[in-house]
Amino acid sequence: MAAEKRVVFRSAWLPYLLVAPQIAITVIFFFWPAFQAAWYSFQLQDAFGLQTEFVGLRNFHELFGDPRYLESFKITAVFSILVSTIGISISLLLATMANRVIRGAMGYKTFLIWPYAVASAVAGVIFAFLFAPSVGIVTFALKQIGVHWNWVLRGDQAMILVVVASIWKQISYNFLFFLAGLQSIPKSLIEAAAIDGAGPIRRFWTVVFPLLTPTTFFLLVINIVYAFFDTFGVIDATTQGGPAGATNILVYKVYHDGVKSADLGGSSAQSVILMIIVIALTVVQFRFIERKVHY
Amino acid sequence: MRFQALTATAFAIGLLGASSAQAQTEIQWWHSMTGALGDRVNDIANGFNASQKDYKVVPIFKGTYPESMTAAIAAFRAGNAPHILQVFEVGTATMMAAKGAIKPVYIMMKEAKEPFDPKNYLAAVAGYYTDSKGNMLSLPFNSSTPLFYVNKDAFKKAGLDPEKAPKTWAEFAVAAAKLKASGQECVYTTGWPSWVHIENFSAWHNLPIATKSNGFDGFDTEFKINSPHHVAHITMLADYVKKGWFTYSGRTNQGEARFFSGECAMLTSSSAAQGNIRKNAKFDFSVNFLPYNHTIEGAPQNSIIGGATLWVMSGKKADEYKGVTKFLSYVSTTPVQSAWHQGTGYVPITNAAFEATKQSGYYEKNPGTDMAIRQLNNKAPTANSKGLRFGNYVQGREVIEEEMEAVFAGKKDAKTALDQAVKRGNEILRKFEAANK
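Going line by line, the protein sequences match chains F and U.
Under our numbering, think of the first position of the first sequence as 11, with each following residue one higher.
Under our numbering, think of the first position of the second sequence as 41, with each following residue one higher.
Simulated from the structure, these hints should not be mistaken for laboratory data.
Among the hints, erroneous ones may be present.
Using 27 Å as the maximum straight-line C-alpha spacing, the simulated DSSO-like pairs for lysine-lysine come out as follows [stated by the list, open to error]: (1) U:LYS451 <-> F:LYS84; (2) F:LYS153 <-> U:LYS220; (3) F:LYS270 <-> U:LYS426; (4) F:LYS84 <-> U:LYS471; (5) U:LYS452 <-> F:LYS84; (6) F:LYS270 <-> U:LYS207; (7) F:LYS84 <-> U:LYS455; (8) F:LYS84 <-> U:LYS197; (9) F:LYS270 <-> U:LYS283; (10) F:LYS153 <-> U:LYS218; (11) F:LYS153 <-> U:LYS455; (12) U:LYS207 <-> U:LYS264; (13) U:LYS283 <-> F:LYS153; (14) U:LYS197 <-> F:LYS153; (15) U:LYS463 <-> F:LYS270; (16) U:LYS477 <-> F:LYS270; (17) U:LYS426 <-> F:LYS153; (18) U:LYS252 <-> F:LYS270; (19) U:LYS264 <-> F:LYS270; (20) U:LYS252 <-> F:LYS153; (21) F:LYS270 <-> U:LYS143; (22) F:LYS153 <-> U:LYS207.
So that you can see chain F by itself, here it is in the shape it has in the complex (with noise of 0.2 Å):
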């Protein structure tokens, strides 16, 4: 700790004047939109904002007794569980397996890491098509081994299909971070645990598997937070939501209702909701990590 850089300044206002410009963008765009949203949940207004009527707690009132936004909880957590528990087995696997590679090791982490460059919504947009109803590649190769495709109407099949694609486009993130974490463990130890004769198996649950809890409790976190909130360009390219509400997480019904359905203080209230979940999240993010991040 004594080496600690610390740059001090003699003026009093230069520091606030060379952090304003962070602190004005926090505001405007993080800070203002916040407190509005939080303001909106309480209004009850029209859609051109003519008239508009403070409504207390009500539309707060209204959400929870309604069954299809307690269904939207439920989606979501459904939702969250498979995409970051499905997504980050697989990527430990192949994290674990890239790691073994010797020849080629460069290649296969390009491509792995590939599909983090593509945006959302278009790995939404690719999905949707490999899986059309009528003329998706992957429903031909389904219908010759019987089974009857059509996620436009079977709500557990579009459920299928946006939890499939927003592993494949999360996949490259929580691939990066472990192959890291797997990196940063010292190659003694998990000889030693050789040397003493335990197999490869053994290997990785006992030792290596241990040593990278860390990283996945944050990838756990930074996960569920994906699943919550950036799989909306996923939803928004292939079911949006349907059929019958199957696919509608939280974050798409807050658009959908505010934006499609001009529901401002109703989409206000909910996305007041969901801020809370956030803050939550990233509370106990934050006080894990602080904690057990250093082994």
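Starting from the known structure of chain F, fit chain U onto it as the hints suggest.
Just chain U now, kept in the frame of chain F:
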């Protein structure tokens, strides 16, 4: 985080709107027409711009109907609304209720002393956008109605008479069974499920969609789509799903591609699909009236329209309104309307354009192109078949479609689903009523 999107959009639009040239009076026209339809829109604007020097109409594509409406609402809140906005029919009640945001077309025409007679416009179309006193609030632009398309080659293959398309749902069942037996994988599909099977089903059988003349007489309207006739119709469709006679394709026009690719032998979808079908279908097809239930007395009545109108936004300068007035009059002229009708498959909005197209022999040369207008004019519209006017109906229609999907997926029976649709739909109507007192 997503809740910022709206504010950000409004901000971006504000920046864009600030920089417009001043040589001519510029008139912004936001629309949602894509592909060939977008080209026709540009043709109309160019035609108008070439016809005079004082005004310049600038058509701007703003995304799908809900998207451009949202963009305009955000722009209005930021004080930068366009002059003219194309709004789809389900947004009508929302626009009408926004009294401070719109300039009713009849008032604008009166102020500009522009000759304007609502009677020149097709009753089935104009009625949708007219207030209870007979004043036209917006200018009809593109209107269509659902029709029934039949693949004649598939009929022939199934041993059916290709010249005899089913007229009733009973005849439909006979044909469907034969088509299925002939190995037709997808027998029938539909576009726009709620528009075709709830809204137009109601009008076509002279059944109310909701109280208060389908919402025309007040915001305190309530849905009536869980009547025994409606339940029977949706039950029938669910039964067809089970039999493999009806394949659900989604909420918009996805079914159209399945028809013109030959995958599905029958289709109910917009009359505006004709252009695409004509261009892509490698088989002989016919365009017909929607099938009806012959056990319901008085059927078939007339169908109702879908599509969009042009709304004029409030708060612009008098000079700009003069330009908008001139432009809307130009849009209504017979040559422009005839070209639009023939080039797109939408129905002509003026009686004169319909007559002119008829006289030119266009309908004889292109059989099927007059079916939409004939179906709309099948009988004089009743309170049940004049149209519909529901607040927040974008949401309302989705509720209906969600419930229909649950039935077709076998999760609910038709009665439960339609009861639920009525209950949920009424909640949306009440919310709209409360926000627009």
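Structure-based check of all given hints:
1. U:LYS451 <-> F:LYS84: 18 Å, holds
2. F:LYS153 <-> U:LYS220: Measuring from Cα to Cα gives roughly 18 Å; hence the hint holds.
3. F:LYS270 <-> U:LYS426: 26 Å, holds
4. F:LYS84 <-> U:LYS471: It holds: about 25 Å lies between the C-alpha atoms, which stays within 27 Å.
5. U:LYS452 <-> F:LYS84: 20 Å, holds
6. F:LYS270 <-> U:LYS207: 37 Å, violated
7. F:LYS84 <-> U:LYS455: With Cα atoms ~26 Å apart, LYS84 (chain F) and LYS455 (chain U) stay inside 27 Å; holds.
8. F:LYS84 <-> U:LYS197: 49 Å, violated
9. F:LYS270 <-> U:LYS283: It is violated: about 35 Å lies between the C-alpha atoms, which goes past 27 Å.
10. F:LYS153 <-> U:LYS218: 23 Å, holds
11. F:LYS153 <-> U:LYS455: 32 Å, violated
12. U:LYS207 <-> U:LYS264: With Cα atoms ~26 Å apart, LYS207 (chain U) and LYS264 (chain U) stay inside 27 Å; holds.
13. U:LYS283 <-> F:LYS153: Judged against 27 Å, a Cα distance of about 18 Å means the pair holds.
14. U:LYS197 <-> F:LYS153: 24 Å, holds
15. U:LYS463 <-> F:LYS270: 21 Å, holds
16. U:LYS477 <-> F:LYS270: 22 Å, holds
17. U:LYS426 <-> F:LYS153: 44 Å, violated
18. U:LYS252 <-> F:LYS270: 26 Å, holds
19. U:LYS264 <-> F:LYS270: Distance ~24 Å between LYS264 (chain U) and LYS270 (chain F) Cα, so the pair holds.
20. U:LYS252 <-> F:LYS153: 48 Å, violated
21. F:LYS270 <-> U:LYS143: 23 Å, holds
22. F:LYS153 <-> U:LYS207: Violated - the C-alpha atoms of LYS207 (chain U) and LYS153 (chain F) are around 33 Å apart, more than 27 Å.
In summary, the structure is inconsistent with hints 6, 8, 9, 11, 17, 20 and 22 from the numbered list given earlier, while agreeing with the others.
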